[in-house]
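Colleague: Full structure from sequences and hints, please.
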Amino acid sequence: MALTLRSVTRTKRERTILALSKLAYRPEIDGLRAVAVLIILMFHLDVSQFSGGYVGVDVFFVISGYLITRLLREDVEAGDFTFARFFGRRIRRLFPALLVTIGLVLFAGFLMLTPGAYSRLGASALFATFSLANIKFWLTTSYFDEAAGLRPLLHMWSLSVEEQFYLVWPGLIWLLMRWGGGWRLPGCILALALASLAWAQWALGGDTSLAFFLAPARVCEFAIGALLVWVPSSSERSVGLRDMCLAIGLGAVAWSAASFDAQTVFPGMRALVPCCGTALALWAGNTPRLGFVLSNSVSVQIGKISYSLYLVHWPLIVFYKQLKIEPLDWGDRCLLLLLSFGLAALLNRHVERRFRYRKEGQPGLPANRFVTGTALATLCVGTFSLFAVQSGGIPGRYPEAYRSLLREGDRVTAEDVATWGQGKCYFGGSFGNEHDFHEYDRESCLRLDPERPNVLVFGDSTAAHLMHGLQTIHGDELNLLQATVAKCRGAKAMASPGNCRDLHQYILRDWLPKHADQLDSVVVATRWEKRALLPWGGRLIERIQNRGVGVVVVGPPVTFNTATATFIGARHGPGRVHLQLAAGERDLPAFRLPIEGVVEAVFEMEEELREIAARLGAGYISLIDKQCVASGCMVAAAADDGHPTFIQRDKLHFTPNGSIWAASKISAEELLRPGS
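Everything in the sequence shown is counted per this note's numbering, starting at 259 for the first residue and increasing by one.
Be aware that a few hints might be false.
Said to hold, decoys possible - With a Cα cut of at most 20 Å, we get these calculated SDA-like pairs of lysine to any residue:
hint: 1; residue 1: Lys788; residue 2: Phe861
hint: 2; residue 1: Lys582; residue 2: Val305
hint: 3; residue 1: Lys582; residue 2: Leu596
hint: 4; residue 1: Lys682; residue 2: Ile765
hint: 5; residue 1: Lys884; residue 2: Glu854
hint: 6; residue 1: Lys884; residue 2: Gln729
hint: 7; residue 1: Lys772; residue 2: Pro708
hint: 8; residue 1: Lys682; residue 2: Asp718
hint: 9; residue 1: Lys562; residue 2: Arg284
Hint data in this document are derived by calculation from the structure and do not stem from the laboratory.
Modeller: Rendered as structure tokens:
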């Protein structure tokens, strides 16, 4: 009984000594943080050798699970634990730098982003401010889709997961420690880890974003770190064993970063590789021989600013890409690295450390002032973010002429797709209104006219987006038929069950043999984005020609590295536009994006596809020749009211006005002259 009372009634001095002795600083943990943030940086800088660099987030989760659980255990055992104290430390640690980063991103977006993009940024900022960014991105995007690369606050999802962990974990540890000691607590944590892993693996079978973004699927990663608290220290083990564990652990993290990619089914079971590797490295500690890999001064210093570095690097990359439009080269990567480290050092010194410490080793701002200031800052950021959303991205930043242009947005809309024949002659799209082949309106879409030349437009969305313009420009002269389905290209798509195979089999096996003598030509248009499609394209041309019908091939669509509206919004931001108008530049010329901004493979595919068409005696229509000159490619032109309007606003699809513009550049003879 005396021992129990003594442990409960330890003096404050004894508790402090105990806590300091057990929670001594471990430089190798900062070294692990450096590893995590650097592989994330390389991944976000599009360094191909780090295609799985997103596992750096999992390394952070394991480290957090270990440190927080160790701290909680020691505080509870020492009798010092209070929820107010714990949450106060977490808020001081995370929120000042977080709020400053969100504020700076909102300011940069105000100067650069289109109204649509700024409205989405406001929504992201609002959710990130209240630690819900992961839920926002789960509902609206996939981490690996093209649109994700345009979201300056996408990386906030992991911080929201961590903050949600901090909300639940302290109470859980406190309750379990009150319930009983021994191995009950680690046993419960192990059970939670297994349940989380099972749930993540199950979720991957359906909604992969659910498993990627939501906290329940990541609990196992925090728990792996937490379980280390009950593993006996490695200090009494042989140096050789510790070196081996450190090497295996770092090797597992490095292998994951190098071999995983966007197609890897993740997290689930595969997350165990980097997570267990991190746990091994944590257990091995600062070994005498290999420990310098993590505990050297450079790694430690990077680790100390890793939180600030994580915060600033992704918005920098996103905004830089929007300004540059071309893919990043090594000069760009080096510049972005320098900028990221420079801004991170400033943020760490003047915000992160300032609010945690007055001077090195001294407590930070008094609690009442800090709480009041944080609450006010949160309210300000949240209110402005909400205003950005509700105002539609604050379109008043732009003069009216530009406002009417940028109001159109920077992505294909459901209204656009309706002009493609969605649900009637085009199906399989993903604009909240998906349709299947059985809904294909064969009678309407394939109605032949004995009085006019019959032209079948056949392909994917890049065929469908031409239909509105072709009908408008040539509808009186030609009878245009349509058979189009989303993402339908290549032998693999033809062989896989689904809309694509169903449509192709129906047209090529059933309909075309019966009506070939009534067709004047088949216009084949698809997104010729890679060389592997060319053999399939050649076979498709020959198969149609073998039925006695001429073929006209539409070349690859002009495809940009960045959504066209996003680039124009960044290059012609509100500040620059107002300066131009103030200087007397009242005319708004047709917009052209630099030729360097076009995906390089498009030009290679254009040459090879043109050769294939010529060899097979098929006609060829080059969209590149019609849309581009040496200085750039047109993406906007004057509408009937004199205001500019986009002809292309995402990376490759025509708007309804753009479809009309493109069709006006294509003569009826081009659609009817296969091989001439």
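Colleague: All hints, please: hold or fail.
Modeller: Structure-based check of each hint:
Proposed proximity of Lys788 and Phe861 is supported: the alpha carbons are some 11 Å apart, at most 20 Å. Among the hinted pairs, Lys582 with Val305 is consistent with the structure: their alpha-carbon atoms are about 17 Å apart, no more than 20 Å. Between the alpha carbons of Lys582 and Leu596 the distance comes to roughly 17 Å, so the proposed pair stays at or under 20 Å and holds. With a C-alpha separation of about 15 Å, the suggested pair Lys682 and Ile765 falls inside the 20 Å cut-off, and the hint holds.
Straight-line distance between C-alpha atoms of Lys884 and Glu854 comes to about 17 Å, which keeps the hinted pair within the 20 Å bound. Note on Lys884 and Gln729: the hinted pairing holds, with a Cα-Cα distance of about 19 Å set against a maximum of 20 Å. For a cut-off of 20 Å, the pair hint linking Lys772 to Pro708 stands: about 15 Å separates their Cα positions. Between the alpha carbons of Lys682 and Asp718 the distance comes to roughly 14 Å, so the proposed pair stays at or under 20 Å and holds.
Restraint check: the Cα-Cα separation between Lys562 and Arg284 comes to about 12 Å, which is no more than 20 Å; the hinted pair holds.
Violated hints for the displayed structure: none, as all numbered hints are satisfied.
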